[in-house]
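Dock chain B against chain A, hints included.
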Amino acid sequence: MNGSGAVARYTLLELSRRRILLVFFIIGAIGIIALGGGLKVLYQVAASNPQSFASGSVDAATFNHFLELLFVSYVFQALAIFALLIAYAIGMTAIYHDLDSGSAVSIFSKPISRLAFAAGKILAAIVGLIVIVGLLALEARAVMFLFGGGLENALTGQLLAVVANAIVVMLIVLSVSTWINNILAAVVTFIYYNVVTGIIATVHMLADGGLIGNAAVRNVFDVLYWLVPHQLVSSAIRDLAKAQIEIAGGATSNQALASVPAPSGAGDIAWWGFTVLAFAGLVYYAVRRRQV
Amino acid sequence: MAGVVSVQNLRKRYRRRDPWAVDGVTFDLQAGQAFGLLGPNGAGKTSVVKMIAGLLRPDTGTVSLFGSDPGNAVARKDLGFSPEDPDFPKFLRASEVLDYFASLLGLDQAERRRRIPETLAFAGLEAERRQIRQYSKGMKQRLGIAQAILGRPKLLILDEPTADLDPMGRRDVRALIERLKASGVAILLNSHLLSEVELVCDTVAILARGRVLKEGAMAEVVPEGSNLEDVFVRLVEANQPQRDHLPSFISDTTP
Chain A
1 MNGSGAVARY TLLELSRRRI LLVFFIIGAI GIIALGGGLK VLYQVAASNP QSFASGSVDA
61 ATFNHFLELL FVSYVFQALA IFALLIAYAI GMTAIYHDLD SGSAVSIFSK PISRLAFAAG
121 KILAAIVGLI VIVGLLALEA RAVMFLFGGG LENALTGQLL AVVANAIVVM LIVLSVSTWI
181 NNILAAVVTF IYYNVVTGII ATVHMLADGG LIGNAAVRNV FDVLYWLVPH QLVSSAIRDL
241 AKAQIEIAGG ATSNQALASV PAPSGAGDIA WWGFTVLAFA GLVYYAVRRR QV
Chain B
1 MAGVVSVQNL RKRYRRRDPW AVDGVTFDLQ AGQAFGLLGP NGAGKTSVVK MIAGLLRPDT
61 GTVSLFGSDP GNAVARKDLG FSPEDPDFPK FLRASEVLDY FASLLGLDQA ERRRRIPETL
121 AFAGLEAERR QIRQYSKGMK QRLGIAQAIL GRPKLLILDE PTADLDPMGR RDVRALIERL
181 KASGVAILLN SHLLSEVELV CDTVAILARG RVLKEGAMAE VVPEGSNLED VFVRLVEANQ
241 PQRDHLPSFI SDTTP
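Chains as they are written, first to last, in the working numbering: chain A, 1 to 292; chain B, 1 to 255.
Treat the hints as calculated values from the structure; they're not laboratory data. Idealized CB from N, CA, C, for every residue including glycine. Heads up, some of the hints might be wrong.
Just a few of them, taken from the derived set where beta-carbon distance is under 7 Å, the chain B residues facing chain A [said to hold, decoys possible]:
id : residue
1  : A53
2  : P83
3  : D87
4  : F88
5  : P89
6  : Q147
Incomplete in silico selection of chain B near chain A, CB under 7 Å [to be verified]:
id : residue
7  : R76
8  : K77
9  : F91
10 : S103
11 : L104
Extracted from the complex, chain B is given alone in its bound form:
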């Protein structure tokens, strides 16, 4: 299978005095593979996907996207990226945002006329006439996924794609991932919804404090009789200081 993404010993920190946000991450992603990137808040998952999308520059290490540097615009031609908390030019409408992005993707007029209404219908935004500034978080999330698939990408990166979606929206995203995976598209999924990751991903990497704690096929990472959530919690808690789960004033019996 062709290599879609190759990440080698990636390190990144935002300020010199900060700890490493990403610390020596290495993995490969092949066509038709669904790769789940898991980790607690601040584990470095979003930093990793942003470096793959060419949005952040690694301090050390290399990222190869379809064999090229993702900072190179041409390398991103077959990339679809749905960011966490997506946002768009706020005075535009959904159809205009998709037309804008279709232009950036180099789609011709005929292809735009075909794809944009279908993509809007998939996102449930076909009847929406308001500007983006009036959208809810969930609507922006759906538009975020819509713009990511508009170019029929060979790699789809979904960063917390279902965080603001209702149950029907989540089901649609799951079906989308299954369909794309079956057609040979590589999927990189960042999510806290471990049950979803377990359903759709065939490979996972669990990160904490910027390091990969465990990586492998789902069957290797999650032993028979266990589930991904148990494995995740055990691994992460073993690698970070224990927290008091409740503030003391909540535990007080007297008001």
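Isolated chain A (complex conformation):
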């Protein structure tokens, strides 16, 4: 598509100069190092004290592994939060700034189609998100070697899920901010994605786990579940929970893991793909309809 490459290139250049993204990245980077470093210091303090592992219930290697699991589970949460923040920050500005400032008047009077413009913006937004979250994950992966490593694949799997979920959020904000004010767009997206969708997904999960007996409610939420975006979850979340329970000496029964989200299946991934296409289409439709 003529011009979409130029739109993507210069949108990325703009994103690279935006302080808010830099601030999110720096806070995230410092947080990951502080967390990893803090847990490692905790281990060193424990290991340096001969009394620590004297009882024999936990040895130094198990304790180290437990700290690594703890670190990784915190990193998962941190990545999910920062990916969402970055998705909101990019989604609220990538198209809205051009429309709001009047830049779009000069851009749209050039021989570029609205489809190429929307495609370029979406491409830049996705690349920007992947680069920033990817760098944070890379840093987390490096910090994991403080504990000896071994959970890198879990991190990669969950990183993919986190980025995939953030892309959906970003596309929703991008499309809504083409119609209305960007702050309002973020609020609408938050209510839709994080509240409404979150409630539907949770009730659906509980119903699936047999915790809701009423068949009518189960059926309603079965239908609703397939009307909203599905947050993708990697198998790492459950594996991590299982490993933590085992270290604590518990039995990893299905009941113990019922409240931990199961890994997304092929249906969820296909639904994610459809959702991405649908919201990307909505972005294009909104840009196409927009008169400047």
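Using the frame of chain A, we list chain B on its own:
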């Protein structure tokens, strides 16, 4: 002469209950012609040029730009548009904005290397290293004109091009219009500076409340011994309610 723009019975309103912003406007613009679109604030001039540039969709009527619908990207290939109050991606620099727009215009690397420094020099922005967000209105206006001529357009639309310019900037824009007109470029000029329009345009249309009040060659519209400002004020005042020119508290003799 080849038809560059043809506007037929154009109508546009922004909301259903609003009055027509543009109401039955019709005119043609040929190559090498400088057409002045005049009118008081809210007359519909900017709406007309935005419909010609494919930025707004008319409710009824048709716009033809180089024989095509301006909503079609290819039709805008030979269009240069300098908007009123121009703005640009605020974290970019002037040279980057021009490179961005040159890419959208499909200019190759060699042509970009040649045109961008010259265009920046014309706009007086060749030494400027700051990002657009730090620009004054006048600097944005100069960049607005620069990006409009970057693609060597066959139609140049200038919407209030000199509103924020200093006298030297105005002189440069006037010289630019004269030069482009002489080389066969069609010019569509929206301006409140009637003396400037009188100097550079050979055809004018005067709009009020979205309607064309008078249109024709400058010599027809402005009779011998009169000037464009007199004609404009007379026409516009005859077509809209008289206003009290000063608020009463200003006229009060006691403070």
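Status of the hints after comparison with the structure:
| no. | hint | result |
| --- | --- | --- |
| 1 | A53 | holds, 4 Å |
| 2 | P83 | holds, 5 Å |
| 3 | D87 | holds, 4 Å |
| 4 | F88 | holds, 5 Å |
| 5 | P89 | holds, 5 Å |
| 6 | Q147 | holds, 6 Å |
| 7 | R76 | holds, 5 Å |
| 8 | K77 | holds, 4 Å |
| 9 | F91 | holds, 4 Å |
| 10 | S103 | holds, 3 Å |
| 11 | L104 | holds, 4 Å |
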